[in-house]
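Residue numbers (my numbering), protein chains in the order written: chain Y, 375 to 568; chain F, 375 to 568; chain U, 2 to 257.
Derived from the structure by calculation, the hints contain no laboratory data. Treat the hints with care, as some may be off.
[Claimed, not checked] Some chain Y residues near chain U, calculated using beta-carbon distances under 10 Å:
1) Ala392
2) Ala445
3) Gln450
4) Ala467
5) Gly485
6) Leu496
7) His526
8) Leu529
We treat Cβ as the ideally placed atom computed from N, Cα and C, and that holds for glycine.
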Amino acid sequence: MSGRGDDLRVIEALLFAAAEPVAEEVLSLRLGDGADVPALLAELAAFYEGRGVNLVRRGGGWVFATAPDLAPALRQERAVVRGLSRAAVETLAVIAYHQPITRAEIEAIRGVALGRGTLDRLLEAGWVRPKGRRESPGRPLNWVTTPNFLTHFGLGDLRELPGVDELRAAGLLEIGPTVLTDHDPRTAETPADE
Amino acid sequence: MSGRGDDLRVIEALLFAAAEPVAEEVLSLRLGDGADVPALLAELAAFYEGRGVNLVRRGGGWVFATAPDLAPALRQERAVVRGLSRAAVETLAVIAYHQPITRAEIEAIRGVALGRGTLDRLLEAGWVRPKGRRESPGRPLNWVTTPNFLTHFGLGDLRELPGVDELRAAGLLEIGPTVLTDHDPRTAETPADE
Amino acid sequence: MTDDFAADAPRDAPLVLELDGYEGPIDLLLALAREQKVDLGKISILALADQYLAFISGLHRLRLEIAADYLVMAAWLAYLKSRLLLPDPPAVDDEPSAEELAAALHQRLQLLAAMQRAGAALMAGTLLGRDVFPRGQPEEFAPVDRPVYELSLFDLLSAYGTTHRRQHAQVLTIMATEFYSLDDGLRHLAQYVGHVPEWSDLMGFLPAELRDGVFRRSAVASTFAATLELARAGRIELRQERPFGPLLLRSAGGAG
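Chain Y extracted, bound-state conformation (with noise of 0.2 Å):
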């Protein structure tokens, strides 16, 4: 190593190769006497601040790492696959059919409290969303679904929702034999659906 430019590159090198951070005594030892190392690094820490990467001290040495402000761009996301709860999907189907309600609303019609998490869950799949406040008492949030919901069920909009009639004609509102009675008590309650 002749001039000040190589003993610039060694450390370079050496820091970028090292396993661990490097002491400033164990890069004077390698590049000899003549070379001012405190000096060298400065200079090193100065051209590489603001870039990708930045010559920092950690641990009593020195260590090439990325920057910190690009932590976020650096993280990769990860897909992984989750279930949902059976409450979960219930309430994103009374959203769905009955947008747009009131948290209060999904309680009544679900007949149970909702749970802590699960209007989290469907925010977090990015489903559902607040939109408004309702003028009533409380002036609870109104909620809908999005966009995406549109998207993640193939539909083109909400009208595309099967309605309770078509769910009945494909067995999902079927309710198995209860009583034995001479008046069917579904048929007396339900006159509307008929």
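Since the structure of chain Y is provided, determine the placement of chains F and U on it from the hints.
Leaving out everything else, chains F and U in the frame of chain Y:
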């Protein structure tokens, strides 16, 4: 990612963080559609030319590595690559220049049976791998080199094999019937290979 | 071959080591060819065969498992040499001429030489870990899990079906089933026991305020069952004059 400067920094960080070559397609995926990855790579490679660390194309991807001229200054801390036997080097060359190639063909070219450990050593080093079978009697395995082989030997791709064009021009990359069908009893077992 | 090639030579015999330096007979041939110091393509196969045979016979002792390939080559070269020296016999089908055999050997020598050069060139290249060094501290970026939910339209619609069903099942009260029980029948009949001296039709003893349907049918059944109970207890007598005819009852020990 906003501007080109950020893209450049992200590529720099991604490549700096990786110990192995990263394919351009991977970088494109990470940066999104807007980024002109080849141009960014060219800019980065030019920027690092002459520094202690260079950006080079290896094994079908891009990787940072220390500058070759600094080897003497860096080597003392590193174990020198374990020596390869002549048989292993020759076998590696035969596979590299003639791939895909069967074991019988390797033996025919070298005029000697492969020692027990030779292919194992190359396989263990991660430089060769079997790839499919030849549709000929006995369905022998085909052997090819790996991207890791290119990286280790400083090659961007197989076209960069030393002297490959001259050898092809001289007809020495074809394993002719003259090699495979002379007196050698081993080759007699695979007459249909060509 | 001769006794010189005794198979039981000591493992570390120096003459065995002479062959250990070569990677097979073609490699040995190539080494000998290089001594001719001419272009491999122009080398005299005849001279090369002589060199090879001389080299092999110069080995005093030989371990057979190492030497087998070399001996096969020696035999083949001796044959080739004779073919090259003698005029070709009348052409036999499938039998290459001496010149073709020599050309094939040329080709093999050149091919192996090329591969040896290539191997050397590879080793002389810029080797990772010897000439250049990779990043010593690769960084791993912990991946961020992006949940992907698997849910089909069918799942969604089924879920709505479930909800819809449950919602309507709440207003759908299953009515308490009304029917006339055996106890009712016993209690009702008890008031008449002992006061029915003549055979009388069972249907006459049904409760007065009978509605239609299930209630009536259950009243008939329960009243009949009650008469069986009372008859078993010996408190009344039962009689039916023909199948499906009216059921008649009277107090035990009645007038008839």
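Hint check results:
no. : hint   : verdict
1   : Ala392 : 5 Å, holds
2   : Ala445 : 8 Å, holds
3   : Gln450 : 5 Å, holds
4   : Ala467 : 4 Å, holds
5   : Gly485 : 6 Å, holds
6   : Leu496 : 9 Å, holds
7   : His526 : 8 Å, holds
8   : Leu529 : 8 Å, holds
The structure is consistent with each of the numbered hints, conforming to all of them.
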